[in-house]
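Student: Spelled out from the first residue to the last, the chains are:
Number of protein chains: 2
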Amino acid sequence: MPTLKESPADAQVRSHIYMVRGGFIRQLAAGIYNFLPLGWRVIHKIERIIREELDRAGAQEVLMPAVIPGELWQESGRWAKYGPELLRFKDRKGSEFCFGPTHEEVIVDMVRRDTKSYRELPVNLYQIQGKFRDELRPRAGLMRGREFIMKDAYSFDVSEQAAKVSYRQMYEAYERIFARCGLSFRVVEADTGAIGGDLSHEFQVLAPSGEDTLVACTSCDYAANVEQAELRTADNAGGGGGALAAVDTPNARTIAEVASFLRIEPSSLVKTLVYLADDKPVAVLVRGDAAVNEVKLKKQLGVTTLFLAREKQTEAATGAPVGFAGPVGLSIPIVADEDLRGLTGAVCGANENDKHYTGLDIERDVEVGTWSQLRLAGAGDRCVKCDGGVFEVLRGIEVGHVFYLSTVYSEPMGCTFLDEEGKTRAMEMGCYGIGVTRTAAAAIEQNSDDRGIVWPLSIAPYEVHVLSLQPKDDDVVAACDAIYDLLRARGVEVVYDDRQERTGAKFADADLIGVPLRIAVGKRALGDGEVELKWRRDADATRVGRDAVVDHVVGLVEAERARLGVK
Amino acid sequence: MPTLKESPADAQVRSHIYMVRGGFIRQLAAGIYNFLPLGWRVIHKIERIIREELDRAGAQEVLMPAVIPGELWQESGRWAKYGPELLRFKDRKGSEFCFGPTHEEVIVDMVRRDTKSYRELPVNLYQIQGKFRDELRPRAGLMRGREFIMKDAYSFDVSEQAAKVSYRQMYEAYERIFARCGLSFRVVEADTGAIGGDLSHEFQVLAPSGEDTLVACTSCDYAANVEQAELRTADNAGGGGGALAAVDTPNARTIAEVASFLRIEPSSLVKTLVYLADDKPVAVLVRGDAAVNEVKLKKQLGVTTLFLAREKQTEAATGAPVGFAGPVGLSIPIVADEDLRGLTGAVCGANENDKHYTGLDIERDVEVGTWSQLRLAGAGDRCVKCDGGVFEVLRGIEVGHVFYLSTVYSEPMGCTFLDEEGKTRAMEMGCYGIGVTRTAAAAIEQNSDDRGIVWPLSIAPYEVHVLSLQPKDDDVVAACDAIYDLLRARGVEVVYDDRQERTGAKFADADLIGVPLRIAVGKRALGDGEVELKWRRDADATRVGRDAVVDHVVGLVEAERARLGVK
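First to last, the protein sequences are chains A and B. The first sequence: position 115 = 122 (this note's numbering), numbered continuously. The second sequence: position 158 = 165 (this note's numbering), numbered continuously.
For the record, the hints were derived by calculation from the structure and aren't laboratory data. Computed from a prediction, not measured in an experiment: that's the story for all the values here. Take the hints with a grain of salt, since some may be wrong.
Put simply, identical chains are the same to the list, so a pair is met inside one copy or across any two.
As the list claims (entries may be wrong) - No more than 20 Å apart at the CA atoms, straight line, and that leaves these computed lysine to any residue pairs for SDA-like: (1) K287 - G217; (2) K12 - D121; (3) K97 - A87; (4) K97 - G385.
Next up, chain A with everything else stripped away, as it sits in the complex (with noise of 0.2 Å):
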């Protein structure tokens, strides 16, 4: 358990910092680490209640090779859509492989080949293993390495509704794997991306330094991807605007510039922004208070590539400086937002330098050419959900996702069975991952201080962290050994450290690698009979007498143990 007082010099957030620090794991390329005994036995405990949980779930473990040869890729069209991410080579007789990043194509070659009939269906499989992504920048530690510990599944039914049946199950599964963690999550509808499919779940564990966006009720149990998130629709009154006039607005940019001029809120503006949908200009409308989501935004358009237009092209498709393009006569495809409806009395550019328009009525004036729900949810937004319910905000770190493939995979890999009838007819798939060794991280990025690491107990490495603090004293030495086998021959899982270190050391050290709860053991209080005892998370130790410090503790794990489902 080598500890270091310095950080990485790269290191930026807390969870790669002290498990370098606190000596869980080395780095040993850009994106690929060691991991130390102490590291190790944390993704060990991860792993455990993933096994137990999906074995509950009627999941069967399995492990499948990191070396998968390129035909397989071939078959399912991924060997030419994936990028630089996968790491491709030759073996000595020049035949092509690469090294698993993932492995649908490798479970539907083997189910294909052994699953015939319906009434060998349906089928989980699952396997914990090491996998490799070429990521052009790896950072933040463990948060986004290239070689990585992750559990795939893959379910294999006979219909969409069975589908969904083991889909929900693996749902059900993940809940209880993250509770069991000790984590704060929230599940969240997510975005089913280029896969297809219309299904998809993500598990977020919150923390604020979290790479991605969600919005969660703040009554219900809605949440969702920020860019996935469903709205309600703003209920424009109509009518009364007055008339389309072109006001100067002299300078006047920004929406908070035109807002302000005008003394108007942001609200009443409408936002005209020019975007290259596969290169060509399309001008998309929302509300002066609301930012475009471009996910959905590319999905409506149903394009693979989409840009905001830079400077010269937006004035080239508008006939106007930026700031000042609006909506009006344009002759390019306009997409709006549906909060845009019915909207009076609005303002937005003139497509002429310092001139806006007042008094436009969107739907009288404009020609909107396509009408969808394009803006991106934001805290305060009413829940679609429940009634009375706002978003709030919040940050997450994704640590599971699971997926309804329907028959992406097993359609072109030919993965059949008989049905009941002797059609012949393709499996319906989900696949679900967590990633392990990210879990740990996103652990200590939620369960964390300046001092650092507050593990939940059922992913520590140690329940129990034994301190002797004069351990050249033979009373401290004869009482810290008596505590440390005890508890060892209770089932607690303990770490002592007898180090010869100056006292503070040995504190800071117990701070840093986290362990839940920790006996000091020190010459002035074993005088009066006593030991500290300290939760980690807690700011004040207690003292406890020597003889009855056992028992104590041993009560306090298997009361905690039992909160987390440890078994």
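Chain A is already provided as a structure; the job is to place chain B on it using the hints.
Tutor: Leaving out everything else, chain B in the frame of chain A:
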């Protein structure tokens, strides 16, 4: 658990055939396998036994990456030395990496970075990991695959003496591991090969199909790789052998032909073999009934390459056709086996067609350059370690290897520590491997018959196999369900074959899969209130009352677990 009736076309050994037919593994590419649920359960059980025993021996588990930077291998010098078995590739930035076939470089780098003082030693670290060796001819299923699972451990000590203590601890842990796996094995002295060091043992699972040849004493513990075995030297009386005389031996070229023609024992002949040692000819003399131990010969000569000379080369070196070569008057260097020392009255080739010498007194007549123990051990050789014991020859499968490395890696890679006097010294290392997947295969080679596998209970995929013979009969189903549920509730690992299949097919599958205890529930016996119980290893089944069977089986399982140390 998909079972197959047909063996894979390329499968020749039982472990390969039964693991594929029984649904334990499926080939994905040459030497690359999927583990199906049944196979993975076996691997997991072996891994658990390994972990328990290594933890008990004071080793700590870590995990090193599969993808290793080429630089580290350059530092140790192995990047250039290792052949095409090392799978090398470049990442997206063009940096060189390999898929680790072994992790000496990585662990040495890990330990040298964090371990500075004698106070932090010894350190003993292990991992269980998928490795890759790009074998030219992968074969025999898991016996020689390309991607395989290995447990590798590395010890670091302050001195040779301390390193040998670590070595001994691992040696003993290995004995416990293979004993708990229920395997019959021998620990043999092994060649330390090119690496150097002077201490190495192989753990060999005994099986007729093993590719290694061992000699083992029939009365004491001594065993060795046949090429490494220590031998007693023959005690030749010397004297009284008469004068050297050439005799006609027309067309008698082989030892058998000459012995038969001259009516002498093969042991009275001196065999002369010409080798090319680093391309230079050398004559090697052994007794007529002995074979040359080329491993010892190569080491004795201190050469890099050693080949038996071709016919023409032998003729050029001796002036006589093969079969008539002899040591008298040879101009090339002569190496003689110690067993020939003092031999008189012997027969050898005369370096002339159809002629042999009789009356050979080797020390009088031959200019032996080097005396050395060069013959290969064989059945009937007297044991060196005990009185009265003789060697038997066994076939084995190497499943484990312990190796005292000394400073072979720590010296060039600067893995040093400060000793008690503050002096910098290189750490003394040992390395210790177990082929986890190979152990599963070896277990089958040793424990199988012509119907399938006979798993030792400790590594069997399940402990008890419940067979419903009439899966449509309500009474049979009710009895099976009850037995299954009750056994599981009592902590027994049960697999339940409730398929709608012919009874014969179900019995055949049970024998193939090889679960130790089988409970067959059939209508007829159930009419008498009984079920059929059978150990897979026994020929006959017994009848047990249906109400007594659960208690009875729990008792049998617990006794077998205790015998094998299952925790």
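Student: For each hint, tell me whether it holds in the structure or not.
Tutor: Going down the list of hints, with the structure as the test:
Taking identical chains as interchangeable, the C-alpha atoms of K287 and G217 are never at most 20 Å apart, the minima being 34 Å within one chain and 69 Å between chains. Taking the shortest Cα distances, K12 and D121 sit within 20 Å of each other only across copies (13 Å), while inside one copy they are farther apart (55 Å). Taking the shortest Cα distances, K97 and A87 sit within 20 Å of each other both inside one copy (16 Å) and across copies (19 Å). With identical chains, the CA atoms of K97 and G385 are never at most 20 Å apart, being 48 Å at best within one copy and 44 Å at best between copies.
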